[in-house]
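S.K.: Sequence:
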Amino acid sequence: MAKLSSLFKFEGTLDDFTVVKKTGVVKRKGGLSKERIATDPNLSRIRENNMEFGMLAASSKVVREAFKDLKQGIRVQYLTSRLSKVMTQIKNLDTTSDRGYRQVALGIQGAEGKNALKGFSFNGTKSLSAVLQKPMELDTVTGKVTINGLAPSFDTLGGIGANMVGFKAYWAKIDFATGAYVVSQSNQVKLALDPTVSNVELTHTTPPTGTGINVFVLSIVFYQTVNGADYPPSKWSAQRRRHHRSTVVMKTMIELIRTYQDEITTGSIFFNDVEICRSIELPWAHNAPNMSCIPEGEYSLQHRHTEKFGDHLLVENVPGRTWILFHPANHAKKELRGCIAPVMEIRGQYGMHSRMALNILLRNIKLTGIHFCHLKISSHENTHGAVGSPHAKIFQST
20 MAKLSSLFKF
30 EGTLDDFTVV
40 KKTGVVKRKG
50 GLSKERIATD
60 PNLSRIRENN
70 MEFGMLAASS
80 KVVREAFKDL
90 KQGIRVQYLT
100 SRLSKVMTQI
110 KNLDTTSDRG
120 YRQVALGIQG
130 AEGKNALKGF
140 SFNGTKSLSA
150 VLQKPMELDT
160 VTGKVTINGL
170 APSFDTLGGI
180 GANMVGFKAY
190 WAKIDFATGA
200 YVVSQSNQVK
210 LALDPTVSNV
220 ELTHTTPPTG
230 TGINVFVLSI
240 VFYQTVNGAD
250 YPPSKWSAQR
260 RRHHRSTVVM
270 KTMIELIRTY
280 QDEITTGSIF
290 FNDVEICRSI
300 ELPWAHNAPN
310 MSCIPEGEYS
320 LQHRHTEKFG
330 DHLLVENVPG
340 RTWILFHPAN
350 HAKKELRGCI
360 APVMEIRGQY
370 GMHSRMALNI
380 LLRNIKLTGI
390 HFCHLKISSH
400 ENTHGAVGSP
410 HAKIFQST
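For the sequence shown, my numbering begins at 20 and goes up steadily by one.
Quick caveat, the hints were computed from the structure, so don't treat them as lab data. Wrong hints could be hidden among the right ones.
[Unchecked claim] In silico DSS-like pairs for lysine-lysine, Cα to Cα no more than 25 Å straight-line:
{"hint": "1", "residue 1": "Lys-192", "residue 2": "Lys-87"}
{"hint": "2", "residue 1": "Lys-104", "residue 2": "Lys-90"}
{"hint": "3", "residue 1": "Lys-90", "residue 2": "Lys-133"}
{"hint": "4", "residue 1": "Lys-80", "residue 2": "Lys-187"}
{"hint": "5", "residue 1": "Lys-163", "residue 2": "Lys-187"}
{"hint": "6", "residue 1": "Lys-145", "residue 2": "Lys-209"}
{"hint": "7", "residue 1": "Lys-90", "residue 2": "Lys-80"}
{"hint": "8", "residue 1": "Lys-133", "residue 2": "Lys-87"}
{"hint": "9", "residue 1": "Lys-163", "residue 2": "Lys-87"}
{"hint": "10", "residue 1": "Lys-352", "residue 2": "Lys-145"}
{"hint": "11", "residue 1": "Lys-133", "residue 2": "Lys-163"}
{"hint": "12", "residue 1": "Lys-385", "residue 2": "Lys-352"}
{"hint": "13", "residue 1": "Lys-104", "residue 2": "Lys-192"}
{"hint": "14", "residue 1": "Lys-209", "residue 2": "Lys-90"}
{"hint": "15", "residue 1": "Lys-385", "residue 2": "Lys-353"}
{"hint": "16", "residue 1": "Lys-104", "residue 2": "Lys-153"}
{"hint": "17", "residue 1": "Lys-145", "residue 2": "Lys-395"}
{"hint": "18", "residue 1": "Lys-153", "residue 2": "Lys-80"}
{"hint": "19", "residue 1": "Lys-395", "residue 2": "Lys-385"}
{"hint": "20", "residue 1": "Lys-145", "residue 2": "Lys-187"}
{"hint": "21", "residue 1": "Lys-209", "residue 2": "Lys-87"}
[Claimed, not checked] FRET-style restraints, in silico, Cβ to Cβ:
{"hint": "22", "residue 1": "Asp-194", "residue 2": "Val-216", "range": "47 to 53 Å"}
{"hint": "23", "residue 1": "Asn-111", "residue 2": "Asp-88", "range": "55 to 61 Å"}
{"hint": "24", "residue 1": "Lys-145", "residue 2": "Thr-224", "range": "51 to 57 Å"}
{"hint": "25", "residue 1": "Thr-230", "residue 2": "Glu-364", "range": "46 to 52 Å"}
Glycine residues also receive a C-beta, built at the ideal position from the N, C-alpha and C atoms.
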């Protein structure tokens with residue numbers, strides 16, 4: 020049955036009607052005239068608000084213009100509205116000016132005003148702490164940014180589909196009273212998304228000059244490399260993603276090499292021959308359900324998502340066992356029933372930073388564009404006497 024979608028066959032304004040295609044809203048002109056707002060004594064509060072709205076718009080614009088180069092590398096979402104909200108908070112910290120004349124330039128002079136701007140994310144989807152897992156050091160005198168001991172595949176999160184990560188620092192001198200700004204950009208450091216440890220140093224040739232406050236920004240951009248060119252996410256296309264996946268040569272092999280102990284089984288997880296994290300499991304108890312780690316051997320892995328465990332991996336075709344998962348856990352005997360928990364480090368009976376380790380494993384799998392991969396479990400020579408000679412035959416299902 021046919022339905023009438025609209026009586027209006029135009030977009031924009033015609034006479035007293037305005038049609039907005041994006042929202043499907045039809046508005047009719049009404050409300051207060053500009054002349055009345057400007058002269059009516061009863062509308063003084065509206066005039067005060069309008070004056071401050073204009074000042075807030077100008078303050079937001081100067082920040083957007085100062086860091087306009089950031090838009091070339093990231094997907095910016097709702098930047099104007101989010102920045103205006105922060106500027107409103109800073110404006111409200113101006114306790115000396117009358118209503119209608121409060122200024123961002125005065126509100127930002129104090130520590131509280133500067134803290135309101137601190138931590139602002141330009142892309143609006145992830146904070147810096149959600150992407151960078153290593154501490155960053157900033158020298159506010161020279162503008163130098165240092166990140167020591169960075170292993171990109173371990174210490175950066177969010178680069179699904181990328182094989183490079185780039186770091187760059189911006190140092191701006193912004194005068195909110197005049198709208199003037201000067202920006203200095205550091206060198207850019209690009210690193211492969213692998214476990215190689217590097218020290219990142221971002222320096223400025225000359226500091227920005229002028230009046231105003233100092234604003235420091237760290238940019239982290241993930242890149243896809245295609246035919247020798249690095250593309251930021253804003254330049255990724257479905258075609259380039261497919262091409263990228265076809266040019267990345269990987270066996271999608273995950274290998275778990277175990278060491279058996281009386282109370283816990285520990286291990287190292289390798290992705291395509293590169294160690295990416297550690298693991299904890301129950302001790303070997305002859306494959307008894309809920310009491311033992313699974314036998315050594317080769318299995319298939321499938322990516323899954325459930326409300327309880329979130330994103331995780333299912334180990335398929337385990338002899339005599341079902342629902343063996345790779346999922347986060349920090350204590351084998353308290354949290355595991357035969358499953359495998361990736362961890363970043365092991366301290367006694369405890370595994371540390373398990374969710375981070377699983378995210379790293381999942382990201383490496385997603386980088387290949389394949390949802391199924393191969394798992395091989397083997398072991399080191401037994402040195403703890405927990406299970407006789409740990410060769411493959413002992414762990415075969417009977």
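S.K.: Now, for every hint given, state plainly whether the structure supports it.
M.R.: Each hint tested on the structure:
Annotation: proposed proximity of Lys-192 to Lys-87 holds, straight-line Cα distance about 14 Å (limit 25 Å). Restraint check for Lys-104 and Lys-90: the C-alpha separation of about 20 Å stays at or below 25 Å, so the hint holds. This hinted pair checks out: Lys-90 and Lys-133 have alpha carbons roughly 23 Å apart, not beyond 25 Å. Using a Cα cut-off of 25 Å, the hinted pair Lys-80 and Lys-187 holds, with the two alpha carbons roughly 22 Å apart.
Restraint check for Lys-163 and Lys-187: satisfied, since their Cα atoms lie roughly 11 Å apart, inside the 25 Å limit. Distance check on the hinted pair: Lys-145 and Lys-209 sit about 20 Å apart at the alpha-carbon level, within 25 Å; holds. For the suggested pair Lys-90 and Lys-80, the alpha carbons sit about 14 Å apart, so the restraint of at most 25 Å is met. Under the criterion of a C-alpha separation no larger than 25 Å, the hint pairing Lys-133 with Lys-87 is consistent with the structure, at around 21 Å.
For the suggested pair Lys-163 and Lys-87, the alpha carbons sit about 21 Å apart, so the restraint of at most 25 Å is met. Our distance criterion of 25 Å between C-alpha atoms is broken by Lys-352 and Lys-145, whose separation comes to about 34 Å. A distance of roughly 19 Å separates the Cα atoms of Lys-133 and Lys-163; the hinted pair therefore holds under the 25 Å criterion. Distance check on the hinted pair: Lys-385 and Lys-352 sit about 30 Å apart at the alpha-carbon level, beyond 25 Å; violated.
Annotation: proposed proximity of Lys-104 to Lys-192 holds, straight-line Cα distance about 21 Å (limit 25 Å). Proximity of Lys-209 to Lys-90 is assessed by CA-CA distance (about 18 Å); at most 25 Å being required, the pair is judged to hold. As the CA atoms of Lys-385 and Lys-353 are separated by approximately 30 Å, the hinted pair breaks the 25 Å bound. With a C-alpha separation of about 29 Å, the suggested pair Lys-104 and Lys-153 falls outside the 25 Å cut-off, and the hint is violated.
Distance restraint check for Lys-145 and Lys-395: the Cα-Cα separation of roughly 35 Å exceeds the 25 Å cut-off, and the hinted pair is therefore not satisfied. With a C-alpha separation of about 32 Å, the suggested pairing of Lys-153 with Lys-80 is violated against the 25 Å cut-off. The suggested pairing of Lys-395 with Lys-385 holds, with an alpha-carbon distance near 19 Å, which does not exceed 25 Å. About 17 Å separates the Cα atoms of Lys-145 and Lys-187, which keeps this hinted pair within 25 Å; it holds.
For the proposed pair Lys-209 and Lys-87, the alpha carbon gap of about 21 Å is at most 25 Å, so the pair holds. The given range of 47 to 53 Å is broken by Asp-194 and Val-216, whose C-beta atoms sit roughly 41 Å from each other. Separated by about 30 Å at the C-beta atoms, Asn-111 and Asp-88 break the suggested range of 55 to 61 Å. Between Lys-145 and Thr-224 the CB atoms are about 30 Å apart, so this pair departs from the stated range of 51 to 57 Å.
Between Thr-230 and Glu-364 the beta carbons are some 48 Å apart, a value that agrees with the proposed interval 46 to 52 Å.
Hint violations for this structure: numbers 10, 12, 15, 16, 17, 18, 22, 23, 24, all remaining hints satisfied.
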